[in-house]
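Put together the whole structure using the sequences plus the hints.
What follows is the residue order along each chain.
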Amino acid sequence: MSTSAISKAPSTSVVGASPIRTDARAKVNGEARYIDDLSFVGLTFATIVRSPHPHARIDSIDPSGALALTGVHAVITAKDIPGKNKVPIVFDDQPLLAETEVRYVGEPVAIVVAESQRLALRALELVRITYTELPAITDPLIALDPNSEKVNPTLGNIVAYHKVRKGDVEKGFAEADVIVSGEYRTGYQEHAYIETNGMVAIPEDEGGIAVFGSMQCPFYIQKGLHYVLGLPFAKLRVVQAVTGGAFGGKEDAPSMPACHAALAAYITRKPVKHIMTREEDITCMTKRHPGIIRMKYGAKKDGTLVACEVEYILNSGVWATLSPVVLWRGTIHAPGPYKIENIKVDAKAVATHTVPNGAFRGFGQPQVCFANECLMDELASKLGIDPIELRRRNALEIGSETATGHKLTESVGLKKVIEQVVQESRWVDGRGRKERRLPDGRLYGIGASTCFYGTGLGAAGKRLDRAGAFIQVDVDGSVQIAVGTTEMGQGHNMALSQIAAQELGTVAERVTMLPVDSSRVPDSGPTVASRATLMSGGALRDAAKKIRLLLHETVARRLNVPIADITFEPGTIYAKLDAAVSFDQAAQWATEDRIHLAQQGWFTAPNTEWNPETGLGEAYYIYTFTCNVAEVAVDDETGEVQVLRIVSGHDIGKAINRRESEGQIQGGVVQGMGYALYEDLVEKDGHILRPNFSGYILPATGDIPDIKPIIVEEPYSEGPFGAKGLGEPPLIAIAPAIANAITDAIGIRPKQLPMTPERILLLIEESKK
Amino acid sequence: MNNYELTLTLNGKPVTRMIDPADTLLDFLRETVWLTGSKEGCGKGECGACTVFLNGATCNSCLVMAVQADGASVTTIEGLPEKFRPLQEAMLETGGAQCGICTPGFILSAVALLEKNSDPNDADIRTALEGNLCRCTGYIKIFEAVKLAAERIK
Numbered sequence: 001m002s003t004s005a006i007s008k009a010p011s012t013s014v015v016g017a018s019p020i021r022t023d024a025r026a027k028v029n030g031e032a033r034y035i036d037d038l039s040f041v042g043l044t045f046a047t048i049v050r051s052p053h054p055h056a057r058i059d060s061i062d063p064s065g066a067l068a069l070t071g072v073h074a075v076i077t078a079k080d081i082p083g084k085n086k087v088p089i090v091f092d093d094q095p096l097l098a099e100t101e102v103r104y105v106g107e108p109v110a111i112v113v114a115e116s117q118r119l120a121l122r123a124l125e126l127v128r129i130t131y132t133e134l135p136a137i138t139d140p141l142i143a144l145d146p147n148s149e150k151v152n153p154t155l156g157n158i159v160a161y162h163k164v165r166k167g168d169v170e171k172g173f174a175e176a177d178v179i180v181s182g183e184y185r186t187g188y189q190e191h192a193y194i195e196t197n198g199m200v201a202i203p204e205d206e207g208g209i210a211v212f213g214s215m216q217c218p219f220y221i222q223k224g225l226h227y228v229l230g231l232p233f234a235k236l237r238v239v240q241a242v243t244g245g246a247f248g249g250k251e252d253a254p255s256m257p258a259c260h261a262a263l264a265a266y267i268t269r270k271p272v273k274h275i276m277t278r279e280e281d282i283t284c285m286t287k288r289h290p291g292i293i294r295m296k297y298g299a300k301k302d303g304t305l306v307a308c309e310v311e312y313i314l315n316s317g318v319w320a321t322l323s324p325v326v327l328w329r330g331t332i333h334a335p336g337p338y339k340i341e342n343i344k345v346d347a348k349a350v351a352t353h354t355v356p357n358g359a360f361r362g363f364g365q366p367q368v369c370f371a372n373e374c375l376m377d378e379l380a381s382k383l384g385i386d387p388i389e390l391r392r393r394n395a396l397e398i399g400s401e402t403a404t405g406h407k408l409t410e411s412v413g414l415k416k417v418i419e420q421v422v423q424e425s426r427w428v429d430g431r432g433r434k435e436r437r438l439p440d441g442r443l444y445g446i447g448a449s450t451c452f453y454g455t456g457l458g459a460a461g462k463r464l465d466r467a468g469a470f471i472q473v474d475v476d477g478s479v480q481i482a483v484g485t486t487e488m489g490q491g492h493n494m495a496l497s498q499i500a501a502q503e504l505g506t507v508a509e510r511v512t513m514l515p516v517d518s519s520r521v522p523d524s525g526p527t528v529a530s531r532a533t534l535m536s537g538g539a540l541r542d543a544a545k546k547i548r549l550l551l552h553e554t555v556a557r558r559l560n561v562p563i564a565d566i567t568f569e570p571g572t573i574y575a576k577l578d579a580a581v582s583f584d585q586a587a588q589w590a591t592e593d594r595i596h597l598a599q600q601g602w603f604t605a606p607n608t609e610w611n612p613e614t615g616l617g618e619a620y621y622i623y624t625f626t627c628n629v630a631e632v633a634v635d636d637e638t639g640e641v642q643v644l645r646i647v648s649g650h651d652i653g654k655a656i657n658r659r660e661s662e663g664q665i666q667g668g669v670v671q672g673m674g675y676a677l678y679e680d681l682v683e684k685d686g687h688i689l690r691p692n693f694s695g696y697i698l699p700a701t702g703d704i705p706d707i708k709p710i711i712v713e714e715p716y717s718e719g720p721f722g723a724k725g726l727g728e729p730p731l732i733a734i735a736p737a738i739a740n741a742i743t744d745a746i747g748i749r750p751k752q753l754p755m756t757p758e759r760i761l762l763l764i765e766e767s768k769k
Numbered sequence: 001m002n003n004y005e006l007t008l009t010l011n012g013k014p015v016t017r018m019i020d021p022a023d024t025l026l027d028f029l030r031e032t033v034w035l036t037g038s039k040e041g042c043g044k045g046e047c048g049a050c051t052v053f054l055n056g057a058t059c060n061s062c063l064v065m066a067v068q069a070d071g072a073s074v075t076t077i078e079g080l081p082e083k084f085r086p087l088q089e090a091m092l093e094t095g096g097a098q099c100g101i102c103t104p105g106f107i108l109s110a111v112a113l114l115e116k117n118s119d120p121n122d123a124d125i126r127t128a129l130e131g132n133l134c135r136c137t138g139y140i141k142i143f144e145a146v147k148l149a150a151e152r153i154k
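Respectively, the protein sequence lines represent chains A and B. Per my numbering, the first sequence starts with residue 1, numbered consecutively. Per my numbering, the second sequence starts with residue 1, numbered consecutively.
Check before you lean on any hint, since a few could be wrong.
[Said to hold, decoys possible] Straight line, CA to CA, 30 Å or less: simulated DSS-like cross-link-like pairs of lysine-lysine:
1) A/300 / A/163
2) A/416 / A/382
3) A/708 / B/154
4) A/339 / A/462
5) A/223 / A/79
6) A/545 / A/576
7) B/147 / A/708
8) B/44 / A/684
9) A/415 / A/339
These are calculated hints, taken from the structure and not from any lab test.
Right, here's the structure in full:
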């Protein structure tokens with residue numbers, strides 16, 4: 001049967017509505033079970049002995065004191081690993097347990113397993129390790145000095161390097177009427193998911209291991225287990241528990257605690273639970289890379305950008321982990337969503353003796369976006385052009401080429417987003433305010449930013465950018481769907497249920513998403529890069545179309561009508577004008593007729609290509625476009641900044657669930673505010689100071705401004721019902737919008753994140769001199 | 001060692017258990033009586049995920065020793081009074097729960113507010129919830145849920 005036999009699209013829609021999330025009921029009842037809520041018979045507990053030094057030689061490990069305690073089952077070190085002592089991410093440079101040398105504070109050295117958590121903590125203190133401290137390099141600029149010691153033993157000090165060479169920047173700058181340049185610095189950002197990392201590993205009957213836990217990417221963990229235990233994939237089962245926040249921090253990093261627990265279970269033959277404390281999680285798990293960005297824009301008098309040059313340095317921490325990919329995304333997006341003919345980007349990820357950094361919502365873009373969007377405002381100021389107008393004049397549109405020479409042919413809503421945000425935020429009024437002093441004495445400011453975000457893994461991650469799905473319609477018309485991407489709070493399960501329901505011809509309430517269990521669901525690639533709606537959605541549609549055809553054929557056969565006469569709405573199938581059959585009835589008929597209502601779906605990402613020598617090509621297949629306007633009140637006596645209002649607009653192609661899309665925008669905006677103003681993770685000589693929530697300040701209820709989300713829908717032909725990605729864009733350009741607003745208020749430009757009161761005050765005082 | 005006999009009223013019912021004096025109230029709830037709705041987000045009273053009622057007022061149960069609850073009355077999310085179920089319904093309607101780990105704590109803090117103030121304004125709501133951290137929602141849909149619930153409960 002050809003697909004032209006598939007009936008016309010319905011007039012009412014499940015996609016685009018806002019059904020209540022199916023996973024929320026358990027959450028509001030306190031019944032959702034996260035990893036630490038699950039019970040397992042015979043559970044034992046693991047704690048990890050971690051390096052207290054940023055760089056040291058391990059001279060001896062003496063576990064005897066710990067093993068002497070009754071109830072301590074094992075102290076496991078690198079020599080006990082049956083497979084490879086490696087955590088596979090990009091380069092396989094990172095060990096699971098340090099063997100001869102430790103290279104960051106918190107690096108795991110040994111695993112203690114005991115019959116209770118309290119005992120495991122006591123035993124931890126009794127494992128005697130002697131170290132000889134070695135010199136540590138914690139400043140990436142020092143690590144870049146060719147005379148410096150090698151920090152990363154296998155990769156050297158530059159663990160990744162990317163470049164873009166488009167046109168001729170020398171010529172571009174020579175032709176520019178105005179040039180602006182500057183250096184910007186960004187700090188760490190800690191994910192601070194309210195649920196810390198945790199895993200439970202269970203030895204299985206046929207010699208395999210099952211791992212349950214808090215995670216984004218079960219199949220990444222499966223690969224890690226394969227490396228460490230040397231067991232075949234078919235004997236390694238990974239199951240995601242309800243996950244309490246992730247934001248990229250549970251993308252690759254959980255392979256460490258998962259493999260620690262699994263190794264302990266494998267060796268002791270007992271179930272092992274390993275839940276990190278908050279201090280442990282903040283100290284030893286990945287964070288957003290601190291960045292140094294040196295940037296230059298050249299423009300004509302009328303504001304047309306003619307050249308852009310970027311030097312982008314990320315502090316990778318000691319192991320490469322995801323740094324090559326984080327760096328790549330930042331490189332591709334560095335110049336901003338603008339038409340620029342001449343571009344030169346050099347980007348490096350540099351190893352230091354600090355905790356390895358990794359994925360965090362935005363993935364290398366927030367750092368460079370802070371720089372480029374602040375510099376755009378500097379350019380606007382020098383040119384005497386309104387900052388929004390400058391962005392409008394250079395904005396990418398259909399037919400434009402991106403920084404990597406990718407010609408955009410559809411779904412470019414940047415100008416539309418700008419217009420709507422400008423209107424909603426009353427930008428013109430805000431900019432035009434004569435009186436900047438508010439009645440309470442603070443200074444008012446308004447600032448804007450734009451950005452774009454390539455959905456999916458891009459050319460760099462092409463190999464992984466595919467998704468499988470499975471759908472089964474049961475005899476009563478209820479539906480089970482399964483994908484390998486995961487719910488971590490973002491609304492994944494609800495959105496995909498809506499997509500599946502819409503494509504099948506039923507309602508979202510009848511669809512159940514199966515738990516993500518590697519032994520039960522297909523691999524849909526990682527839940528990252530704002531890709532799940534598009535990729536898993538695509539795979540579900542593929543499966544759903546096949547089933548819908550089978551159901552419609554059944555109805556056509558049973559009612560003796562040509563299949564061309566079949567139309568449908570969510571829940572009902574129509575044959576001719578007066579014959580209607582419910583979806584559920586069709587499912588029962590098909591089952592009776594021995595039709596197989598379970599189908600697989602597959603979706604591979606549209607094509608991307610990229611030449612690493614030139615840095616040119618179709619780096620991503622589609623982009624989301626963003627514009628933010630922020631209004632602030634700055635207290636110039638204390639340096640405190642209060643955000644009054646943020647209007648945050650995004651062209652996402654299609655909002656699958658409108659309410660949840662708004663929730664993603666609000667959540668991302670507030671995380672962006674934290675990055676901009678409050679979240680100051682202080683690292684000194686390789687040690688993270690105050691690894692808790694009184695040292696690392698998260699935005700709380702009193703900090704929240706009025707946030708107006710705006711959704712623009714410029715449909716993408718390959719996305720499910722036109723959808724692109726939404727997860728990350730809301731965070732990326734918030735910091736520069738706030739920085740631009742602060743600059744508008746006080747007349748001085750902050751160039752370092754976070755813009756804490758101390759830093760703002762110092763800027764104000766410096767300017768008075 | 002479980003050598004202390006703890007007796008309290010838990011969600012309206014009398015409960016007696018042997019506990020380790022080193023247990024916190026949160027440990028007792030989660031591990032002795034298997035009420036896992038209260039969560040450990042930080043272990044230091046800085047995130048509010050462990051919020052429960054102790055003798056009529058909310059507390060961070062990770063900072064209360066279980067022995068301090070001897071003879072006391074404790075209410076957890078599992079024992080949410082019928083009167084305040086609209087808070088749960090409102091959270092569903094506004095979309096106030098994303099990953100959900102902070103949700104029980106927020107609901108109980110909102111109960112504490114609505115018990116004292118049946119018509120809270122925006123500032124009242126923010127102040128009442130200032131001890132609860134959320135990393136997913138940006139808080140706005142939580143505020144909306146409390147406002148909506150207040151109107152319905154009145």
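Here is how each hint holds up against the structure:
1. Distance check on the hinted pair: residue 300 of chain A and residue 163 of chain A sit about 25 Å apart at the alpha-carbon level, within 30 Å; holds.
2. A C-alpha spacing of about 26 Å is found between residue 416 of chain A and residue 382 of chain A, which places the hinted pair at or below 30 Å, so the restraint holds.
3. Among the hinted pairs, residue 708 of chain A with residue 154 of chain B is consistent with the structure: their alpha-carbon atoms are about 28 Å apart, no more than 30 Å.
4. With a CA separation close to 25 Å, the supplied pair residue 339 of chain A and residue 462 of chain A stays within the 30 Å bound.
5. Restraint check: the Cα-Cα separation between residue 223 of chain A and residue 79 of chain A comes to about 20 Å, which is no more than 30 Å; the hinted pair holds.
6. Simply put, residue 545 of chain A and residue 576 of chain A have alpha-carbon atoms about 21 Å apart, close enough for the 30 Å limit, and the pair holds.
7. Between residue 147 of chain B and residue 708 of chain A, the direct Cα distance comes to roughly 18 Å. Compliance with the 30 Å bound is thereby established for this hinted pair.
8. A threshold of 30 Å between alpha carbons decides the hint, and for residue 44 of chain B with residue 684 of chain A the separation of about 23 Å falls inside it, so the pair holds.
9. Our distance criterion of 30 Å between C-alpha atoms is met by residue 415 of chain A and residue 339 of chain A, whose separation comes to about 13 Å.
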